[in-house]
Amino acid sequence: MDLRHLRYIVAAARNGSFSAAANEFNVRQPIVSKRIKEVEEELGVRLFERSTAGARLTPP
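Residue numbers (the numbering used here): -7 to 52.
Bear in mind the hints are in silico, worked out from the structure with no lab data behind them. Ideal Cβ positions, reconstructed from N, Cα and C, are used throughout, including at glycine. No false leads were slipped in.
Label pairs and their computed distance ranges (CB to CB):
#1 Lys29 with Pro52: 19 to 25 Å
#2 Arg20 with Ala45: 16 to 22 Å
#3 Glu33 with Ala5: 17 to 23 Å
#4 Pro51 with Leu(-2): 15 to 21 Å
#5 Pro51 with Arg20: 26 to 32 Å
#6 Glu41 with Asn15: 18 to 24 Å
#7 Ala45 with Val2: 15 to 21 Å
#8 Ala45 with Leu(-5): 24 to 30 Å
Work out the full structure: start from the sequences and follow the hints.
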């Protein structure tokens, strides 16, 4: 995990969408999704609840 991964997570949480986070960093949405999934796998936890309406942080 590096700082870029954390920035993607914060942007996705703030915007409620991986697509909006990708737009913020001028990258494609699959890149943001992949990086967030890598962090989730590294930590062994699911950080976001994903749906067709967007993404939101999982409850604590």
